[in-house]
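As given, the protein sequences belong to chains A and B, one line each in that order. Just so we're aligned: the first sequence equals residues 23 to 414 in my numbering. Just so we're aligned: the second sequence equals residues 23 to 414 in my numbering.
Think of the hints as simulated: they come from the structure by calculation, not from any bench. Treat the hints with caution; some may be incorrect.
Since the list can't tell identical chains apart, any single copy or any two copies may satisfy a pair.
As the list claims (entries may be wrong) - As a list, the in silico DSS-like pairs of lysine-lysine whose alpha-carbon atoms are at most 30 Å apart:
#: 1; residue 1: 107; residue 2: 67
#: 2; residue 1: 43; residue 2: 375
#: 3; residue 1: 172; residue 2: 323
#: 4; residue 1: 323; residue 2: 273
#: 5; residue 1: 388; residue 2: 172
#: 6; residue 1: 388; residue 2: 107
#: 7; residue 1: 107; residue 2: 263
#: 8; residue 1: 375; residue 2: 157
Protein chains: 2
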Amino acid sequence: MQETFLAPKGFSFSGVTAGMKQSGKKDLGLVYLERPGVMGGVYTKNRYPAPSITYCRGLTPNALLHAVVVNSGIANAATGEEGAKRNMHFAQEVAQHLGVPQTSVLANSTGVIGHHLPLEKISAAMASLKAGLGKDPMAFAEAIMTTDLKAKLSQRTVDIGGQKYQVLGITKGSGMIMPNMATMLGYVFTDAPIPASEIQRITKEAADQSFNLISVDSDTSTSDSFMVISSNPGPGIELEKTERAIHEVAKDLARAIAADGEGAHHLLEVNVERAVSETMAHSVVKAVLNSPLVKTAIHGKDPNWGRILAAVGNGLQPFEGTDNLPVTIKLQGVPVFEGARPLEFDAKALSGKMAEFKVVIEIDLKSGQVGLTGWGCDLSREYIQINADYRT
Amino acid sequence: MQETFLAPKGFSFSGVTAGMKQSGKKDLGLVYLERPGVMGGVYTKNRYPAPSITYCRGLTPNALLHAVVVNSGIANAATGEEGAKRNMHFAQEVAQHLGVPQTSVLANSTGVIGHHLPLEKISAAMASLKAGLGKDPMAFAEAIMTTDLKAKLSQRTVDIGGQKYQVLGITKGSGMIMPNMATMLGYVFTDAPIPASEIQRITKEAADQSFNLISVDSDTSTSDSFMVISSNPGPGIELEKTERAIHEVAKDLARAIAADGEGAHHLLEVNVERAVSETMAHSVVKAVLNSPLVKTAIHGKDPNWGRILAAVGNGLQPFEGTDNLPVTIKLQGVPVFEGARPLEFDAKALSGKMAEFKVVIEIDLKSGQVGLTGWGCDLSREYIQINADYRT
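From just these sequences and the hints, can you work out the full model?
What follows is the structure in structure tokens.
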């Protein structure tokens with residue numbers, strides 16, 4: 023990922039402190055399109071979606087989008103009818119300040135569950151939020167963070183007929199991360215032309231290949247959202263180039279969330295090869311990423327492949343005819359299990375290789391043609407500390 | 023659970039040190055029936071079952087059972103054909119020493135994955151194992167332990183027509199615990215009459231109401247086994263009394279595993295009431311027990327009900343029509359969420375109540391008639407320590 027990020031044409035960004043975070047850090051972010059854009063979105067499958075999810079879902083896909091506003095610190099989730107009302111007021115207030123229809127404004131919230139949005143604080147910050155709109159996306163990226171250690175952005179440039187377009191991604195998320203058809207909060211903004219009729223499909227496919235393949239802690243949040251927004255609702259010329267860039271950016275962001283997982287010392291990459299179906303590959307990737315015993319072994323730089331094999335055996339449970347599949351398992355490139363037998367390897371040397379930040383597990387199922395890669399992280403004492411000592 | 027345990031008639035027990043555990047503790051256990059008994063068994067659904075699982079499954083149910091032999095320290099899992107051969111030799115050796123057919127001997131293994139059974143050590147210990155057979159089940163209970171802190175036994179007496187019968191349960195398990203149709207290693211021994219035709223059904227039902235409702239760390243092992251053995255293959259007089267005692271003993275053992283979970287400071291009990299189906303109740307119980315964010319909140323004595331609600335929302339994902347169900351959540355008896363709204367409560371006082379060893383979460387789904395209770399534990403720094411610093 024690069025160090026400086028360019029706003030795609032038609033977008034401006036802002037982020038301010040409204041006072042919802044006790045730390046005093048930025049907690050209110052805005053993305054504005056003067057001329058309406060097209061957006062697609064996918065959202066959490068948690069059965070207790072936050073009011074912001076229900077609201078955004080109702081306006082998705084959208085061919086007349088003017089703004090996305092996000093607050094962090096308070097998720098406004100599990101807050102009943104009052105929560106839905108406040109979410110609507112949040113969007114209305116922004117619409118009024120920008121002079122656009124309320125249905126062109128998406129309002130997202132992330133943070134603690136069970137607290138109401140402080141509308142008066144949001145109102146008070148509205149003027150400075152609007153005044154701050156500019157070409158630098160960093161203030162917005164910072165304003166949506168919660169327990170994240172880093173702002174997470176990614177960018178690609180697409181060349182279509184000699185014309186250069188920007189694809190810019192921004193995300194947040196560090197805990198309660200196992201997105202299900204979406205992610206914590208993820209956005210891709212582009213000025214590349216995308217037809218309104220294609221944007222929802224593109225959004226769904228990008229989420230499935232990126233955010234839906236990561237897990238920090240196997241907990242799916244009540245606020246997961248992923249949106250793709252183009253300021254250029256044009257005909258789909260060389261659309262596959264734009265799609266490829268969107269996929270790359272979404273994968274960068276997903277990896278960045280896993281690497282910034284709460285308490286993580288390692289980024290864990292799991293490659294499953296030659297599965298019979300995408301469902302099977304997905305199930306095995308997730309079983310390995312979610313196994314606390316694999317995660318603690320990675321943390322301890324312990325080449326304990328038995329735990330990986332046990333996790334593979336659990337991921338394969340739903341699939342008939344997979345008993346004792348003669349899989350190959352590699353850890354940091356070193357084969358440790360092949361056929362149905364452990365292999366000899368230098369455990370001390372391999373433990374040394376596991377000191378690297380990125381630890382790669384390769385699993386060859388030798389059954390079909392489908393491969394998938396997912397990302398997670400190790401499980402550390404700091405994860406416990408962050409989440410046990412964090413008081414509501 | 024009581025302090026001293028009686029062998030049911032017809033059973034004798036032994037446990038010795040064969041040298042498979044580095045600690046020098048007991049690691050070879052034997053249960054012997056002079057006259058053949060009946061047994062039912064259920065086993066792990068992990069797709070990489072240990073050779074002992076494949077072997078025992080092939081002999082289940084069994085109407086001519088003479089012995090169960092168990093080694094701890096080495097699971098003999100993921101050891102290929104050589105592993106299957108050694109498991110067979112293990113059973114053969116015991117059969118020979120006891121003078122019974124090999125098909126009447128079940129051989130179980132538990133411990134580290136990927137290491138071969140040291141048959142010479144087992145052979146060398148065989149004479150003392152046989153010589154040690156007696157009426158005290160404790161030596162056997164100790165011999166099957168791995169990372170368990172305590173031996174785990176439970177007992178009930180059944181009165182059938184004025185005659186007293188014993189139902190004795192013994193289990194082990196502390197990590198890699200989310201049994202799927204079975205448990206790590208669990209045994210119920212009884213002299214109450216059970217017909218051979220009923221024992222498999224009784225075993226399955228007891229497992230479903232006990233071991234299949236616990237989770238320490240959401241990892242299903244390659245060696246889970248649960249067996250019910252009666253030394254009295256008789257007609258099923260007042261069989262429901264015996265079944266009730268078996269269920270009670272199995273639940274005691276399951277709870278004991280959860281309470282002895284690796285690094286656990288708290289036993290977590292999750293009661294789901296008024297679900298539409300057992301599948302739904304099971305899914306919600308497991309989602310709450312497996313949520314690292316709920317587990318760390320329990321560890322931190324934090325009444326963070328938002329995490330519980332998010333976990334309920336994930337457990338309900340497979341079930342249509344469950345969006346925003348107006349559930350009630352109670353924590354240590356205190357209502358914290360009702361309808362779709364947070365309730366006012368004294369967070370400090372409730373945190374104080376969460377200092378107790380047993381923490382109870384009650385979830386009323388208000389949808390149907392089915393209730394289920396499951397058990398788990400909190401997630402602590404010690405869990406990380408045990409599993410990150412444990413070297414293969």
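Okay, the hints, checked on the actual structure:
no. : hint      : in the structure
1   : 107 - 67  : within (22 Å within a copy, 47 Å between copies)
2   : 43 - 375  : between (40 Å within a copy, 29 Å between copies)
3   : 172 - 323 : both (25 Å within a copy, 29 Å between copies)
4   : 323 - 273 : within (26 Å within a copy, 37 Å between copies)
5   : 388 - 172 : neither (38 Å within a copy, 42 Å between copies)
6   : 388 - 107 : between (53 Å within a copy, 25 Å between copies)
7   : 107 - 263 : neither (41 Å within a copy, 56 Å between copies)
8   : 375 - 157 : neither (42 Å within a copy, 52 Å between copies)
Checked against the numbered hints above, the structure breaks hints 5, 7 and 8 and satisfies the rest.
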